[in-house]
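Peer 1: Can you make the complete structure from the sequences, with help from the hints?
One-letter residues, chain by chain:
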Amino acid sequence: MMRQAPRRAADYGPIAFPAAMLLLFFAVPFGLMIAVSFFQRVEGGFYEPAFVWSNYARFLSVFFGRVLSFSMLLAAGVAVLSVALAFPFTYLLTRLRRRTQVLWLVFLLSVLSLSEVIIGFAWATLLSANAGLTNLLVMLGLMDAPTSLSPGLGAVLVGIVYQAFPYTVLVLYPALSRLDPTLMEAARTLGSSPLKGFFTVVVPALRNSIVATLIMVFVFALGCYLLPQLLGRPQHWTLSVLITDQALFQANMPFAAAMAVFLVLVSLGLVGLSLLVGKKENAA
Amino acid sequence: MSAYLNRLFLSAVALFLALPLIVVAGVSINAKKALTFPPQGFSLGWYAEIVTDHGWRDALTASLLVATLSAALAVLVAFPLAWFLWRYHAPWAKLVHALGLMPFVLPPVITALGLLGFWTTAGFFGEAWTVVVSHGIFFVTLPLVTVTLGFSAIEPTLVEAAATMGADDRTVLRTVVVPLIRPYVVSGFAFAFVLSLNEYIISYMTVGFTMETLPVKIFNALRYGYTPTMAAIAVLFVAVAALVFGLIARFGDLPKLLGAWSAEDR
Amino acid sequence: MSGLALDGLTKRYGSFTALQPTHLTIPHGQFVCLLGPSGCGKTTLLRMVAGLDSPTEGRILLDGTDITHKPAHQRNFGMVFQSLALFPHLTVGENIAYPLRIRGVPKADQGREVDRLLGLVRLPGVADRAVSQLSGGQRQRIAIARALALSPKLFLLDEPLSALDAKLREAMQIELKLLQERLGITTIVVTHDQREAMTMADLVVVMSQGRVRQAASPIDVYRRPADSFVADFIGMTNLLNGHVSAGSLAVEGGALAVPGLPASGPATISVRPEELRVHREGAGPNRLPGTVSFIRDLGSHVEMRIDVAGREMIAVATPQDRPMVEPGQRVGVELPPTSCVVLPS
Numbered sequence: 001m002m003r004q005a006p007r008r009a010a011d012y013g014p015i016a017f018p019a020a021m022l023l024l025f026f027a028v029p030f031g032l033m034i035a036v037s038f039f040q041r042v043e044g045g046f047y048e049p050a051f052v053w054s055n056y057a058r059f060l061s062v063f064f065g066r067v068l069s070f071s072m073l074l075a076a077g078v079a080v081l082s083v084a085l086a087f088p089f090t091y092l093l094t095r096l097r098r099r100t101q102v103l104w105l106v107f108l109l110s111v112l113s114l115s116e117v118i119i120g121f122a123w124a125t126l127l128s129a130n131a132g133l134t135n136l137l138v139m140l141g142l143m144d145a146p147t148s149l150s151p152g153l154g155a156v157l158v159g160i161v162y163q164a165f166p167y168t169v170l171v172l173y174p175a176l177s178r179l180d181p182t183l184m185e186a187a188r189t190l191g192s193s194p195l196k197g198f199f200t201v202v203v204p205a206l207r208n209s210i211v212a213t214l215i216m217v218f219v220f221a222l223g224c225y226l227l228p229q230l231l232g233r234p235q236h237w238t239l240s241v242l243i244t245d246q247a248l249f250q251a252n253m254p255f256a257a258a259m260a261v262f263l264v265l266v267s268l269g270l271v272g273l274s275l276l277v278g279k280k281e282n283a284a
Numbered sequence: 001m002s003a004y005l006n007r008l009f010l011s012a013v014a015l016f017l018a019l020p021l022i023v024v025a026g027v028s029i030n031a032k033k034a035l036t037f038p039p040q041g042f043s044l045g046w047y048a049e050i051v052t053d054h055g056w057r058d059a060l061t062a063s064l065l066v067a068t069l070s071a072a073l074a075v076l077v078a079f080p081l082a083w084f085l086w087r088y089h090a091p092w093a094k095l096v097h098a099l100g101l102m103p104f105v106l107p108p109v110i111t112a113l114g115l116l117g118f119w120t121t122a123g124f125f126g127e128a129w130t131v132v133v134s135h136g137i138f139f140v141t142l143p144l145v146t147v148t149l150g151f152s153a154i155e156p157t158l159v160e161a162a163a164t165m166g167a168d169d170r171t172v173l174r175t176v177v178v179p180l181i182r183p184y185v186v187s188g189f190a191f192a193f194v195l196s197l198n199e200y201i202i203s204y205m206t207v208g209f210t211m212e213t214l215p216v217k218i219f220n221a222l223r224y225g226y227t228p229t230m231a232a233i234a235v236l237f238v239a240v241a242a243l244v245f246g247l248i249a250r251f252g253d254l255p256k257l258l259g260a261w262s263a264e265d266r
Numbered sequence: 001m002s003g004l005a006l007d008g009l010t011k012r013y014g015s016f017t018a019l020q021p022t023h024l025t026i027p028h029g030q031f032v033c034l035l036g037p038s039g040c041g042k043t044t045l046l047r048m049v050a051g052l053d054s055p056t057e058g059r060i061l062l063d064g065t066d067i068t069h070k071p072a073h074q075r076n077f078g079m080v081f082q083s084l085a086l087f088p089h090l091t092v093g094e095n096i097a098y099p100l101r102i103r104g105v106p107k108a109d110q111g112r113e114v115d116r117l118l119g120l121v122r123l124p125g126v127a128d129r130a131v132s133q134l135s136g137g138q139r140q141r142i143a144i145a146r147a148l149a150l151s152p153k154l155f156l157l158d159e160p161l162s163a164l165d166a167k168l169r170e171a172m173q174i175e176l177k178l179l180q181e182r183l184g185i186t187t188i189v190v191t192h193d194q195r196e197a198m199t200m201a202d203l204v205v206v207m208s209q210g211r212v213r214q215a216a217s218p219i220d221v222y223r224r225p226a227d228s229f230v231a232d233f234i235g236m237t238n239l240l241n242g243h244v245s246a247g248s249l250a251v252e253g254g255a256l257a258v259p260g261l262p263a264s265g266p267a268t269i270s271v272r273p274e275e276l277r278v279h280r281e282g283a284g285p286n287r288l289p290g291t292v293s294f295i296r297d298l299g300s301h302v303e304m305r306i307d308v309a310g311r312e313m314i315a316v317a318t319p320q321d322r323p324m325v326e327p328g329q330r331v332g333v334e335l336p337p338t339s340c341v342v343l344p345s
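Chains as they are written, first to last, in this note's numbering: chain S, 1 to 284; chain W, 1 to 266; chain V, 1 to 345.
Bear in mind the hints are in silico, worked out from the structure with no lab data behind them.
Glycine included, C-beta positions come from ideal geometry on N, C-alpha and C.
Possibly wrong hints are sitting among the right ones.
To be verified - Between beta-carbon pairs, the in silico distance windows are:
1) W:Asn6 to S:Arg178: 18 to 28 Å
2) W:Glu127 to S:Phe17: 15 to 25 Å
3) S:Phe17 to W:Thr120: 18 to 28 Å
4) W:Ala18 to S:Leu73: 25 to 35 Å
5) W:Lys94 to V:Val105: 36 to 46 Å
Peer 2: Here is the structure:
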């Protein structure tokens, strides 16, 4: 097929609508947000055009520093746990029969699409004193009385890993399903046990995919805003929660926008990094 | 031994993923309006309440309407863009494509905040249709990815063959491209539909104060205490998602759609 | 002028020239094979004739009309692709009827035409099947039937048989040739298989490195190759370089009498393996002494590799005239003067 540059004005017709929609409803709001991050807040919940750095200057507070470092640590923890769990899982998944794989994928997609609200509610229930796991342990005689495991840091972590797990699997799935199965067979004929082969052949072969996935899950976890509220205490709130809170309840759009811009820069930087890592793997 | 361990690991993951859903399903059939597990008694009353209770029914209707319309909008934006990128050689159009991928890469709170500021400034804040547009743009990534994948899966010689047999651009689109790309369009729509149904923060930030979608309603209800109807809704959502993705798997090639080579490609 | 004419047709991609300026005339009713190794420009040439690529320079004329810039969908040529390009979402019958359907031919006429074309490729009654239910050879026939649905002026095929196994490929070559003769349709086939070209073509166009090396009948291409590339590419051959002196060609190991030598200077000759005579005695007219290095008996013929003054020569004999020689034996290789073709240097 001849793919050539569009020649007549009418050739541009099909792309006009998508381009206009994306510019108007994504690029413009985005630009507006950047602009607002430099605006001056006015008492009463509004803001006026200005060019001040004061919204960014507020980052230099102890409170903000604590929220930011907690968000980062939480996201890092989620990324490591999810990939550690999802990588061997995805490897096994891609070695299953096709029909079984499809069933798993449907299940994973169903969990992936679940609202944070529902995940939060489900885990809150599962970790509660009246309807939770601990009742099971009491029934088995392993505990004296059911206790509540939520809210708490553990609950937040488990909830976000639960949400991130299907996403992690789907990011890893293409790379692992394209991995040449004879690599592992070759390792076996050369004397590796399956476990040893996995760590000496599969993991190193996909090292860059693993790094790229870690970064992507990190960004994903950074975006969590409901689970820390539903499963955690106020000290477990993340930057995303803070942004929502400032925008809607403290009515401080400029500060919320400044934090959002900061989050964008961090996310885009990391996504760029993961693309770079991914590209290196394709080139290799 | 090793096969046994593998199966054990897979089962543990399955349990981890299923456990919260099982508990919620158990809670949803509880006869009493209390959060207890294992369930005491059996009742489907909480499911009935989704339809009989005004608040829940309105939220369900709103969510379904928003999901349908915004998924349709997402496809309408994604399809011509993907077609243009496939048909023409135009490097600058890749920028538009990148713009279409952005909403999904960034933390959702950013898109939500941007749209909040935008609708406020434009003077439409709180109007019901704004959430349709917002979701349509936010989820455009999904049909864009699936439809682009669909186009790249069309063998170029099929188009050339059609051309040698007398088909012009428009005829090729109608008789070859659209039939071949249909499963990808449908999956793109389905992905956007299911995720829109479950989306919270954008709905909340754009129309949260004037209209309740289901996730918003659940979150609001959670603040005022527990009702088993929430559990019933959660089960309903899982069922809808499983149904939709099951249908995609039935009529399309799910592994290929998710980026694996199909058997013939090897 | 009746037929297809290429007038200085050229294709360049940046600094790379896929096809050097090419002039070629193909009268109607001819079966032409474009033959050459991969990357020689043969597919590029075919695609430009089909209108799927646009030439950088030059013109394509059909019956005197310039069609260089006519889009593919207005040319009404039939084309069979290497991948066959059968539409997976259509049945066999719908595939064949495709060019008729998009022209608004009534349904009943479409059905009649599909039946006629399926009869033509000897696959009646498969119209309602899915393409995936057919074997490779059957799909091949469907692709041919579909390309013929419009009774095109030109029938173009790009490596059409390459996906088939050797036996089926041979059978299809013969069938395709018979079909072409019956329809009298001007046909151009791209192939890298010289046996295929020899089987089917009236005119073989040998190409390499974007250039036409020779365009001639199959037997001429074989017996009178235009240059050493053609001699080497078509079948097996022995190429000998030497110097002309005193009316004969001095090569390593001896002097040969060859008709048609230039008066002086260097010259190259080509001799086909089946023309060589291997004798147990080294001396004799037009003989070069050598040592047998390897013999393989392929049943239908015997192939001998002989080391002649450090160069390997190949001789082929039928089982009946097989010379009684063994590996390691010293022999004389005779090059009959009339079988030596002098190649332009």
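Peer 1: Does each hint fit the structure? Answer for all of them.
Peer 2: Results of checking the hints against the structure:
Restraint check, W:Asn6 to S:Arg178: a C-beta distance of roughly 20 Å satisfies the suggested window 18 to 28 Å. With their beta carbons about 22 Å apart, W:Glu127 and S:Phe17 fall inside the hinted range of 15 to 25 Å. Separation of S:Phe17 from W:Thr120 is about 25 Å and conforms to the stated range, judged on CB atoms against 18 to 28 Å. For W:Ala18 paired with S:Leu73, a C-beta distance near 29 Å keeps the hint of 25 to 35 Å intact.
In this structure the hint that W:Lys94 and V:Val105 lie 36 to 46 Å apart at CB holds, the actual value being about 41 Å.
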